[in-house]
Every structure is written in C-alpha cells, then in structure tokens.
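Listed below are the residues making up each chain.
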Amino acid sequence: MAMDPDYAVYPFGDAALIVETADEISESAYRRIRGLAEAVAKSPPAALIELIPSYRSLLVTYDSLLADYASMEGAILSLISRVGAFEEPAHETIRIPVCYESPHCLDLDEVARHAGLKPEEVVTLHSANAYLVYMLGFTPGFPYLGGMSERIATPRRLSPRTKIPAGSVGIADRQTGIYPMESPGGWNIIGRTPLSLFDHTREPPALLKAGQYIQFYPIHSDEFDRIASDVGRGAWSPEIETTPRGEV
Amino acid sequence: MTEILVKSPGIQTTVQDLGRFGYQSLGVPPSGAMDRDALETANLLVGNPREEACLECVLGGVELECGDSLVFAVCGAPMELRINGKPAPGYETLRAKTGDVISLGMAERGLCAYIAFAGGLAIEPVLKSLSTYSRAGFGGWCGRLLRAGDRIPLREGSTVPCDAAALIRFVPEELRPRYSAEITLRAIRSHEAARFEPESVHCFFSEPFNVSPKSDRMGCRLEGARLAHSRGADILSSGVQTGTVQVPGDGFPIILRVDRQTTGGYARIAHVIQADLPKLGQLRPGDTIRFAETTVEAAQEAWKKREAAIVGSIREKTDQAPVGGTRHFNVIVNGIAYDVMLREI
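Line by line, the protein sequences give chains S and B. When we follow the numbering used here, the leftmost residue of the first sequence carries the number 1, and every step to the right adds one. When we follow the numbering used here, the leftmost residue of the second sequence carries the number 1001, and every step to the right adds one.
Relax, there's no trap hidden among the hints.
Only part of the chain S face toward chain B is listed, based on derived beta-carbon distances under 8 Å:
#1 F12
#2 S54
#3 L136
#4 P140
#5 G141
#6 F142
In case anyone wonders, no lab produced these hints; they're calculated from the structure. Ideal placement from N, C-alpha and C gives every residue a C-beta, glycine not left out.
Looking at chain S on its own, in the form it has when it is part of the complex (with noise of 0.2 Å):
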C-alpha cells in the first residue's frame, strides 16, 4: 500500500489495483476519482486494461504479463503525484422528461405517504435541481445520482418486484436513479422516462457518462408516448444545456 494524504494505492487481486480516497459520496471525492482517471487516460501504461472509476475509487485493470504489480503502483503513483486539480470540462445538463402519471408512478403514493407530502410535491422535489451523475454501474448504463433531496428518502420495498420497466425512475433510501433495462428490483419506483439509457447498437451505447448533470422534467402521459415512439424511430434526443466551466 501507497499513501498520499488525497490517495492510497492497493493490489486488488493480481490483474488489478485499486486507489481510494476519503470514504464519502462528495463532489470534492468524485473530483479527485475523476482527475486521476483522466490522468491515467491520458498518459496510460502499457499494461493498462481498462479503468473503472466510482465515487471514492479508481479500479485500474492491466495486463499482468506486460506489468507486475510494483511497477503498475509505480506508474500510478507518479502520475498521482502530477495530477492537478481536476479540469473540469463545461459542465453538461441532460434534460431528462419524466411521467410521474399512471401508469409509470407506481409507488409515488408510497414514497408521498412516508414523507408526509403530497404527490405533486413529490413530483416538484424530484425535479427541482440537477443531479450529478458520479458514475455508471449495476448494470449497463445505470447511473449513479447524486444530489436528491433528503426530504423525499424512502426505504426500499420490503419485497422487490419481479419485474421493472426499463426506463423507470425510482427512489432507494437517499439515491434516485433510472432501471436502464427491464429488471427486477426493489426501489420506489415514482415514474418513467421514454428515454433509451442503453443501446448496444449505439456508440457510444450510454446515454449518460459520468461527471454530467441530468435534470429531469416532468411530462404527461400522452407526451411520454409520443416521445417513446419517437425515440423508437431514433428521432429524439435529448436537450444537452452547456454552462462553461467556472459558472456553475
């Protein structure tokens, strides 16, 4: 193990190693994570594979016949030890429309009963601010969100549904996210959007990446049909907003 007071360094099985840093899900954790994967991206070893970064770590994969393990920490370390603060690139808001009507809004009256709300005032909280997307995972182009207000934290359900509509928008605890692909789960789910998250046939196939904004915005069931079709045909996409770095 390596340390560096924003930094330490670990074997993570013998084809990987992992760094780490401060345990918190905090915008200035994910800054540090992303600074540091997009250090490695730009100088990359030669034994690197592929780099998985999340809120508080940066999971680098390598290819241990070209590297062993103290010469990959090697490599890593130094490029911590020149990595600036994170440049921000301009920061992108997705626009994301979401039905939190019926059929789509399965447990809103739940998610509503247990913060002593009504369910427009649900709808409005969800919907108010933007969320920082930290990264992607579970299953492919799951996005990880930050930034839901306290006031609308809802336990999952006690038994999980066998089956969740790809697209819908749920409530666990203190995150919110969106089920990219029909799957069983045990969230609040409170509405759905028409949009794709996932398309194998599509490059890149993610709708989102990490370090963008998604702002969602409600929609009637009508529209959500019609953007559904449209979507479909691969005639929508959705409104990116750019504020330049700095602005934020």
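Based on the hints, put chain B in the right spot on chain S.
Just chain B now, with coordinates in the frame of chain S:
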C-alpha cells in the same frame, strides 16, 4: 455458407470469447468464457487464434448437426462426446462430415465444455466482442442462449482443409485438467479484509465452503461458515473483478464470475487469482472448495507459467499415423484439389 444446426441446445449453451473489455465504466460486464483455459486449448487444437469465440456448453446435453464437413475440438468438463453416436475423444482435433451429428452428454464432473470450430463463428461482434451477455440481451447469437433450430454460421473457409495429417493435434491425458468435487482456489487477501472480524478472515482461509445451487455465470455463491463483518457489510459501490470474493450482510461469500456487475456494494474479503479462474468457472453446485492464501507476486508468477503451459500442452500427431487409422492428403491434379484418404488395411 457452412453452418451448424442446433438440434438440442442443452442446459445452457452460449457463444463466448475471452470477454468484452473497455466498457466496464459504462456498467457493461466482461462476460466471456467461464474457463478460458479450455476455450483457448480448443482453439489451438483446431488452428484458430486462442481468443476465437466458441460454444460454451454448461452441463451439456447438446446436439449439433454439421451443415458441411468441418474440423472441431471439444475441451473442458468431460461430457460424453459422440459423432453419430460413436464415442469420440475430447482434447483432440476431430473431423465431421456433412450431416454428422455431434453430441455431448451430461457433464460427469465440472460445469462447462467448449466447442471450437476451425475458422470460427461468422457472427458480428457487439461492443468489440462475441461474448453473450444474456441478461441485457446482446452479444453472441442474438444476445441469448442457443435454441433448437438455430443455424450458427461458420466463417468462410471453415470447411475442412484436406491436409488432415497436419491437423491432428491433441493434449496428452496427463496434461489435461482434472475436475474434482473438492478443490482449492488460491486467493489474495483484500485490502478490505480489515472490515471483517479477524476470526472470520482466518476461517475464510481455512474452512471448506460448498457451492450453492443458486450459483450462475454471475456469481458462485458459497454455503458454510458465516463470516462476520466488523464495520458493516455495505461499502460505497466500487469496481470489482472476476474472482473478487464479496460478502453481503448474511455473511455468505459470493465469488464473482464473468457476468458479474461492474461495481459492487459489499465488503470484499479476497480475490481468487487469475490462474485459478478456470477452476472457479468449472465449479458446480455441491462442490467443496477451500481458499489458500497467496501473494500478488506468486499469483503473477503462476499466471506467467499458465501462459506457457497452455501452448506447451498441445501435441501433433502428424508423424505417427495411428495403427489401422487413416491419413488424408491434399492432392492437386490439373488445378483441382482432391482430398485423398488412405486407410491402413
């Protein structure tokens, strides 16, 4: 075009190569062969590049009809291999003619067998790989398990070259893997081992565990001693590797396999080393495993040896025509190629 007709897909047969890399940061798992040693060996036996896609047959029960004459090999878990009902050897280059039926019985031990076809499968890659990720429905053959009636095309030039004498390769019995119901996996302690009670870490590296029936290509779930966390089971979701051993709140370890998620939220106690991942892939419900602690350095050394061992295990039969056997010659007369077969009488 040469093709393979699936008469019976067996329990779970998919197209797999060495996996899909470069998309894990988008949440796309690597997938790929559970036992890459067997996949690479099968490819070498038919003269393919080592990383070529094969059919991965889990537990067996497969029946395939050849749409043309072709060369193939089967490696991995021992399943009764037959051509038109006649027993045929695994770990050896084999030939089949148009209409021949290749069948695999049920695995006696181990889990997965790999069928490599000379020339490879004519399937378009998805995100740079032929591996099937059936949960998301992409990759391999239509993103799913093979079904009866599927016709899998082989690449142009897959029909049998006639210089068969040069083609017969095999792996000697003593160099083939043994699949046992009791195995040891070498593992490296995780930096998160400190999140477990010291007795539990000791227990992990000394007690036997049983493979649960709930295991699949995503993970190998273990039953046995319950491991105790010292600071809770949950961590902030963080990247994982195939072979990573994570322990959820119930205390029962899960060894992640190739279809695993790209990130996980449970504390990790150890990582199975690369050289032992094929053994992990061959574990079936009811098998017993123990973990032997090793170091990163020893593990990387073992991986280097494995590289050499795979290629070194292949032998050729060219100069020794089997007694009572046949030899094929590629003869060209007036510009037309003929396959001449000589049978010893």
